[in-house]
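Chemist: For this one, chain V is given, so just place chain C on it according to the hints.
Protein chains: 2
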Amino acid sequence: MTQSEKKHIKQLQQKKYRNLYGSFVVEGLKSIRDFLAAGYIPEKIYSTVPFEQMKNQDLPVEIISEKNLRQISFLKNPKDALAIIKIPKSLSLPQSGWIIALDNLQDPGNLGTIIRTADWFGIKNIVCSLDTVDCYNPKVVQATMGSLANVSVFYTDLSNFLSKSRLPIFGACMQGKNIYQSLFPHQGILVVGNEGNGISNHIKGLITNKITIPKHQKSTADSLNAAIATTIFVSKIMREIN
Amino acid sequence: MTQSEKKHIKQLQQKKYRNLYGSFVVEGLKSIRDFLAAGYIPEKIYSTVPFEQMKNQDLPVEIISEKNLRQISFLKNPKDALAIIKIPKSLSLPQSGWIIALDNLQDPGNLGTIIRTADWFGIKNIVCSLDTVDCYNPKVVQATMGSLANVSVFYTDLSNFLSKSRLPIFGACMQGKNIYQSLFPHQGILVVGNEGNGISNHIKGLITNKITIPKHQKSTADSLNAAIATTIFVSKIMREIN
Chain V
8 MTQSEKKHIK QLQQKKYRNL YGSFVVEGLK SIRDFLAAGY IPEKIYSTVP FEQMKNQDLP
68 VEIISEKNLR QISFLKNPKD ALAIIKIPKS LSLPQSGWII ALDNLQDPGN LGTIIRTADW
128 FGIKNIVCSL DTVDCYNPKV VQATMGSLAN VSVFYTDLSN FLSKSRLPIF GACMQGKNIY
188 QSLFPHQGIL VVGNEGNGIS NHIKGLITNK ITIPKHQKST ADSLNAAIAT TIFVSKIMRE
248 IN
Chain C
8 MTQSEKKHIK QLQQKKYRNL YGSFVVEGLK SIRDFLAAGY IPEKIYSTVP FEQMKNQDLP
68 VEIISEKNLR QISFLKNPKD ALAIIKIPKS LSLPQSGWII ALDNLQDPGN LGTIIRTADW
128 FGIKNIVCSL DTVDCYNPKV VQATMGSLAN VSVFYTDLSN FLSKSRLPIF GACMQGKNIY
188 QSLFPHQGIL VVGNEGNGIS NHIKGLITNK ITIPKHQKST ADSLNAAIAT TIFVSKIMRE
248 IN
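Chains as they are written, first to last, in the numbering used here: chain V, 8 to 249; chain C, 8 to 249.
Mixed in with the good hints, there may be bad ones.
Remember, identical chains collapse to one label, so a pair may be satisfied in a single copy or spanning two.
Computed list of lysine-lysine pairs in BS3-like fashion (alpha-carbon distance at most 25 Å, straight line) [stated by the list, open to error]:
no.	residue 1	residue 2
1	37	22
2	74	23
3	131	93
4	37	225
5	222	37
6	225	96
7	225	93
To be clear, the hints were calculated from the coordinates, so they are not data collected in a lab.
Bound conformation, chain V alone (with noise of 0.2 Å):
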């Protein structure tokens, strides 16, 4: 692989790169199959092992050293395989079924665990504030374990969204119901918010049905982690309905 390569996969570790080539960064043959499965398209992957070819496609495979990868891995521990992967087009906002709504969360690792857990659960589409980490993120990517192939992961302006939904909004609030005494229909949206900052004002005022996650009288915990949060939601929600 030349020089340029090498540079041209360090830069998509900025988001700027990744807007600008149209591409991100996937490691590790697993989670590149799992992107290749879901129709992804791969620009170039680069294999330290034998890269199987998939029926009826002509995979940009190039064999590399373990030496190569190491100089052009994100991680401290490279895997097998990088490949670079483009970027789709965005698809048309989710209208219907059950959606993530993330108001401005910051933590990569937060954002990759939600869309892990989505994919667990089947929540397919999650609706990102603009402010919202990228879900291109080599962090987010990683830690989505390649469940980020099967969600879908929008952005936009949130409040706008929300304000033109007709599905029932719920957020976890202070004052809110039970969430253990609260029954859940079979669509909505979630809304989760920044990890310091909880839910902003002018979203709060769209949320229709607030919910509180009750905690133990002898707690002296201020808050759950956002992803914590978001899993005792679905859990509850997909175990309801499904």
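Modeler: Okay, now just chain C, sitting in the frame of chain V:
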């Protein structure tokens, strides 16, 4: 503050020095106050803001500059204060109530999140295998957001602990009873495994109640994050028994 104090604090990033000196670092006034309120003994508190003394306590506070705090902080964005806190003496292993048992958990963020979630739901005890990440690791302490002060974390031969316990032992397994169709007793042990390899074989044999978190039929996810799986269990258990 002196150079030797700065050096001492840096050393406490490493487990060997934490064990040698019997102390660890907590950052941020809110978390420091959580530890003091829970009875932890501070060796020294370095604060950039006035630190209100607590009742009947003569706290070893030194006001320092923000520049000094930046030099000693383990965080990219230092908070308002940093304290050296004594590691408490080990209590005897818990024998009742709900206990989370961690088998070779490696990610500091996961351990921190599990401790924070345990605190929220009122679980007081976490028993870890000897190869689980140290709970006084700065990244763990940070991720607990002060909740480490309210949860007792033990390190022991997990296999031995589980063998001797009379409590029912629950574990997440691929082939187990559906969690949503399971009823949980008022006390028990929940075993959570390593991020990559799950529960180790010698521990698996000790599980008396194998439980599965069912996956959506269309999901291609292989597994859930360890802290997420723990949350799904704890949320279900605590809601049921409270």
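Chemist: Now tell me, hint by hint, if it's right for this structure.
Modeler: Here is how each hint holds up against the structure:
1. 37 <-> 22: Only inside one copy: residue 37 and residue 22 sit 24 Å apart there, 34 Å across copies, limit 25 Å.
2. 74 <-> 23: For residue 74 and residue 23, the Cα distance exceeds 25 Å both inside one copy (27 Å) and across copies (32 Å).
3. 131 <-> 93: within (20 Å within a copy, 47 Å between copies)
4. 37 <-> 225: between (43 Å within a copy, 17 Å between copies)
5. 222 <-> 37: Result: close only across copies, 19 Å inter versus 38 Å intra.
6. 225 <-> 96: between (49 Å within a copy, 22 Å between copies)
7. 225 <-> 93: between (50 Å within a copy, 23 Å between copies)
Comparing the model with each earlier hint shows a violation of hint 2 alone; every other hint is respected.
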